[in-house]
Amino acid sequence: MTRGFGLCLIMLAVGLATAGPSWAQIPSGTPSDLFRDDVHAQAGLTCDSCHGKATGGEYRSIARTEIAPLCSRCHSDAAYMRRFRPQLRVDQYAQYLTSTHGKRMSSGETRVATCSDCHGGHGIRPVQDARSPVAPPRVATTCARCHSDAARMSAFGHQDNPPADWGKSVHAKALLERGDTSAPTCSTCHGSHGAVPPGVTSVALICSQCHVREAELFRKSPKKALFESLGQAECLTCHSNHEIEAPADSWIGLKDPALCSTCHDDSVKGAADIVAVQEGLQRLSVGIDRAQRVLDRAEQAGMLVDEGRLVLRDAHERQILARVTVHAFAAKPFTETATPGVAEAARAEAIGTGALQELQFRRKGLAVATVLIVGFLVTLWVKIRRLPPIEP
Amino acid sequence: MMRLQAWLEERMPIARFVEAVRHKTVPQHRFSLWYFFGGMTLFFFFVQVVTGALLLLYYRPSASEAYESVAFVMTRVPFGWLVRSIHAWSANLMIAAAFAHLFSVVFLHAYRRPREVTWLSGVLVFFITFAFGFSGYLLPWNELAFFATRVGTDMAGAVPGIGEAVVHFMRGGKDVSGATLTRFFGVHVAILPALITALLAAHLLLIQHHGMSVPPSIEAAQRKHGRPLPAMPFIPHFALRDLFGWTVALALLAGLSAYFPWELGKKADIFAAAPAGIRPEWYFLWMFQALKYMPATVFGMSGELLVLVPVSVGALALTLLPFLDPDTPRSRRIVKTLAGLALALMTTMTVLALLEGSS
Amino acid sequence: MSSDHSSGAGRKPPTPRRRDVLDWLLGTWGAGVVGAVFYPVLRFLAPPEIPESPTLTVSAGKASALLPNSGRLVPFGAEPAIVVRLAGGELRAFSGVCTHLSCTVQYRQDLHHIWCACHNGHYDLNGRNISGPPPRPLQPYDVNVQGDEIVISRKA
Numbered sequence: 001m002t003r004g005f006g007l008c009l010i011m012l013a014v015g016l017a018t019a020g021p022s023w024a025q026i027p028s029g030t031p032s033d034l035f036r037d038d039v040h041a042q043a044g045l046t047c048d049s050c051h052g053k054a055t056g057g058e059y060r061s062i063a064r065t066e067i068a069p070l071c072s073r074c075h076s077d078a079a080y081m082r083r084f085r086p087q088l089r090v091d092q093y094a095q096y097l098t099s100t101h102g103k104r105m106s107s108g109e110t111r112v113a114t115c116s117d118c119h120g121g122h123g124i125r126p127v128q129d130a131r132s133p134v135a136p137p138r139v140a141t142t143c144a145r146c147h148s149d150a151a152r153m154s155a156f157g158h159q160d161n162p163p164a165d166w167g168k169s170v171h172a173k174a175l176l177e178r179g180d181t182s183a184p185t186c187s188t189c190h191g192s193h194g195a196v197p198p199g200v201t202s203v204a205l206i207c208s209q210c211h212v213r214e215a216e217l218f219r220k221s222p223k224k225a226l227f228e229s230l231g232q233a234e235c236l237t238c239h240s241n242h243e244i245e246a247p248a249d250s251w252i253g254l255k256d257p258a259l260c261s262t263c264h265d266d267s268v269k270g271a272a273d274i275v276a277v278q279e280g281l282q283r284l285s286v287g288i289d290r291a292q293r294v295l296d297r298a299e300q301a302g303m304l305v306d307e308g309r310l311v312l313r314d315a316h317e318r319q320i321l322a323r324v325t326v327h328a329f330a331a332k333p334f335t336e337t338a339t340p341g342v343a344e345a346a347r348a349e350a351i352g353t354g355a356l357q358e359l360q361f362r363r364k365g366l367a368v369a370t371v372l373i374v375g376f377l378v379t380l381w382v383k384i385r386r387l388p389p390i391e392p
Numbered sequence: 001m002m003r004l005q006a007w008l009e010e011r012m013p014i015a016r017f018v019e020a021v022r023h024k025t026v027p028q029h030r031f032s033l034w035y036f037f038g039g040m041t042l043f044f045f046f047v048q049v050v051t052g053a054l055l056l057l058y059y060r061p062s063a064s065e066a067y068e069s070v071a072f073v074m075t076r077v078p079f080g081w082l083v084r085s086i087h088a089w090s091a092n093l094m095i096a097a098a099f100a101h102l103f104s105v106v107f108l109h110a111y112r113r114p115r116e117v118t119w120l121s122g123v124l125v126f127f128i129t130f131a132f133g134f135s136g137y138l139l140p141w142n143e144l145a146f147f148a149t150r151v152g153t154d155m156a157g158a159v160p161g162i163g164e165a166v167v168h169f170m171r172g173g174k175d176v177s178g179a180t181l182t183r184f185f186g187v188h189v190a191i192l193p194a195l196i197t198a199l200l201a202a203h204l205l206l207i208q209h210h211g212m213s214v215p216p217s218i219e220a221a222q223r224k225h226g227r228p229l230p231a232m233p234f235i236p237h238f239a240l241r242d243l244f245g246w247t248v249a250l251a252l253l254a255g256l257s258a259y260f261p262w263e264l265g266k267k268a269d270i271f272a273a274a275p276a277g278i279r280p281e282w283y284f285l286w287m288f289q290a291l292k293y294m295p296a297t298v299f300g301m302s303g304e305l306l307v308l309v310p311v312s313v314g315a316l317a318l319t320l321l322p323f324l325d326p327d328t329p330r331s332r333r334i335v336k337t338l339a340g341l342a343l344a345l346m347t348t349m350t351v352l353a354l355l356e357g358s359s
Numbered sequence: 001m002s003s004d005h006s007s008g009a010g011r012k013p014p015t016p017r018r019r020d021v022l023d024w025l026l027g028t029w030g031a032g033v034v035g036a037v038f039y040p041v042l043r044f045l046a047p048p049e050i051p052e053s054p055t056l057t058v059s060a061g062k063a064s065a066l067l068p069n070s071g072r073l074v075p076f077g078a079e080p081a082i083v084v085r086l087a088g089g090e091l092r093a094f095s096g097v098c099t100h101l102s103c104t105v106q107y108r109q110d111l112h113h114i115w116c117a118c119h120n121g122h123y124d125l126n127g128r129n130i131s132g133p134p135p136r137p138l139q140p141y142d143v144n145v146q147g148d149e150i151v152i153s154r155k156a
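Quick note, the sequences are listed as chains A, B and C, same order. Every letter in the first sequence is one number past the one before it in the working numbering, and letter 132, counting from 1, is 132. Every letter in the second sequence is one number past the one before it in the working numbering, and letter 171, counting from 1, is 171. Every letter in the third sequence is one number past the one before it in the working numbering, and letter 110, counting from 1, is 110.
It is possible that part of the hints are untrue.
Each pair of labels, with its calculated beta carbon distance range [unchecked claim]:
| hint | chain 1 | residue 1 | chain 2 | residue 2 | range |
| --- | --- | --- | --- | --- | --- |
| 1 | A | K168 | B | L56 | 33 to 43 Å |
| 2 | B | G277 | A | D265 | 44 to 54 Å |
| 3 | B | H168 | A | E245 | 50 to 60 Å |
Calculated lysine-lysine pairs in the DSS-like style (CA-CA distance at most 30 Å, straight line) [stated by the list, open to error]:
| hint | chain 1 | residue 1 | chain 2 | residue 2 |
| --- | --- | --- | --- | --- |
| 4 | A | K383 | B | K24 |
| 5 | B | K24 | A | K173 |
| 6 | A | K364 | B | K266 |
| 7 | B | K24 | B | K224 |
Some residues of chain C that are not near chain B, with every Cβ distance over 12 Å (derived) [as the list claims (entries may be wrong)]:
| hint | residue |
| --- | --- |
| 8 | S53 |
| 9 | Q109 |
| 10 | P137 |
| 11 | P140 |
To be clear, the hints were calculated from the coordinates, so they are not data collected in a lab. As the structure is a prediction and not an experimental result, all values here were calculated from the model. Even glycine gets a Cβ: it sits at the ideal position worked out from N, Cα and C.
Could you put together the complete structure from these sequences and hints?
Below, the structure written as structure tokens:
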């Protein structure tokens, strides 16, 4: 009895000594309160299931290095998991061991993430639950708890703040403002359990999951071989990795602040293509703008502009596709898409102008009617003057 | 021609009316020009009836189709833009002509005995004209009209006690909605036309019966000099001049429609916030502007009442004018002064509202 | 200078010939004005080319020209709609606006379903989003065939 008690005390001490700072866990509320909402509680598990039997009214806390192996006792057991959620994967622990977090934790470095840091310790919810710290809109906030902490990250030699950078990106805007869950967050590109920074050469493969056409064109373009030989990251060179902002037409050009001008000037091969693309984008943008304004004016004046709007829609889509063909880094595929777009914008503008001209035509019709009316009025006036005078 | 006339006369008692019209005369004096405004208002009303009936062939009175049907008329129906613009402009010109007609009758005291009933029917027609304008304005179901209607019906809520019930009745519910649209449509194309037809018929018949009123000052001068006033035969002299004025008005309507076409704007979104600068049509602007100057509460009552009560009292006084004016030179002077003040106040408020809106 | 013809009051009335010309002119101009009024009214009364507002119903072209396993984009108001004839011959119609970022979708004969080129979104033949970023299905429209004309319509 006393030996068992002593053992518990020692284990308690060991547990306390190797436990990381309490803020590494997700703090708020007592464990038993939190556990009430836990998906494991709903499955019928209890405190004993993870902590073992309580001794002296106290459960032993689990050392940080023990957490992942403890979770995987069930979560890597396919037959066991099948009883609760047959579709749930059972390779998370295996993935974790390949990750940077997993490798360091295995070697005893406890200042890296383990299961409970991201999923929570006691109030664990399924990933699909919007309140889970690993639900897609909340992933970046969870990662930021460590990866935006300069003091913590500098110990590992990291100076930058990827979650904050990501927060400024179009992907963050899409996910957090528009609710577009197809937009990538940290785990989409880095993996969740097997989280590792993607290698320079594999970045393009990840981006091309969604940006299929851009990737296809890039792979066929002269840039691919060139970037590989230079050891340049493909998409990242122009678009960055975390702080991906909306690309602008002004990126294309031979002078500052165009991106191309980083390497290209008039003398380098490809200058003609760059200029062709730049001018094409400009013509498209200006053409669409002008058409939009004319159509708006015509609509305000009460004219029918549905057909014009449809044509402008087509022009707008060509603009989108033309911007995609920029990734071929050649003038021909670009102009093949852009030129019809310019023509369509011009057609939309013509429809709008025609509608406004119809207004002018109406005024001419009015002139005809006015001539008839004035003729009638003059004759009537004469008739009135020639009526017999009124007897007073 | 004569045979046709005889055939008709045997079956319908038209000879009496034809004779009456043939002998109708219009007295000529320095205020005679004002005699034309009644007919001008009537002309605009005819234009409204015709263009309104034409629009009815294509308009759909439901919140989901009204806007689209008006857009359809304006863009796909040949000359639909013309019919719709004329209908909108003629409404405004009719109200302007009605104001001119009303004020001229007041200033020239044509409401005196024995024309009290003519006056009553005319005042009611006047109020109905405003109701036409208010109900018709909502029918395109565009943003401006939706919010203007909401503001306008809100004002009725200021009446103590029954105010809320009145608003509920007008709107067909708590808020302005598709129910309001249907209700306003029924009022605009059926109820008000029936009422105004009856009242207009009475008004016109009584005018034929009593003849044209001569202002008291002219009558007094006549008595002094003894000479009778020159009498212009209605047919053909006055009628041709009427026709002249009406043709000018027609040309004006066509010109306005071509150079200042009535816009449609955006479709009403009942969940959207009101855009800045919402205001009613110009003939309601004076009340709208006056309300803006009132504090929110006065002695525990709504500040809006400070405007609504005088306006209501004024409207009542206007209706009962023939009975309130004992027709002495002094009382007539008071009437003219009060009318002048009212006109000045309304004009000032309207101008202020327009200036504020354009700044 | 015969005093018999002088009259005390006013001018002589116009001679009958002048009065006829004047009345004739008045009548002609008047007819012109009446015509200028009636012409727009009559044109207005005649049903227009497209008899109804094309916001609820629209013609989608010839049925015989739409072969099995093919699709066609048609304008529906200010937005595109897509009409598809399945391999088995059935006609289906949906909104042509991709629910992701509003690009126009197209029918892919090789995939036998609807596809959006912008971000590789896929929709099945019931309009349901089955792959890629689109978050919602395409709105379905009713399809009817009148003679050889396909007519698609949506609820108000």
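Are the Cα positions of A/K364 and B/K266 separated by 30 Å at most? holds, 28 Å
Least C-beta distance between C/Q109 and chain B, which was stated to exceed 12 Å: holds, 35 Å
Do B/G277 and A/D265 keep their Cβ atoms within the hinted range of 44 to 54 Å? holds, 53 Å
Lying within 33 to 43 Å: is that true of the beta-carbon distance A/K168 to B/L56? The hinted range 33 to 43 Å is violated for A/K168 and B/L56, with Cβ atoms some 57 Å apart.
Pairwise hint evaluation, B/K224 against B/K24, where the allowed Cα distance is 30 Å at most: It holds: about 25 Å lies between the C-alpha atoms, which stays within 30 Å.
Taking the CB of B/H168 and the CB of A/E245, does the distance hold inside 50 to 60 Å? holds, 53 Å
So is C/S53 really clear of chain B, every C-beta pair being over 12 Å apart? violated, 4 Å
Holds or violated: B/K24 and A/K173, Cα atoms, limit 30 Å. Violated, at about 80 Å.
Straight-line Cα separation of A/K383 and B/K24 no greater than 30 Å? Answer holds: A/K383 to B/K24 is near 20 Å, not above 30 Å.
Minimum C-beta separation from C/P137 to chain B exceeding 12 Å: can you confirm that? The assertion about C/P137 holds, with a minimum of 23 Å to chain B.
Since C/P140 was said not to touch the interface, does its Cβ keep a gap of more than 12 Å from each Cβ of chain B? holds, 19 Å
Violation of the numbered hints given earlier is confined to hints 1, 5, 8; the remaining hints are satisfied by the structure.
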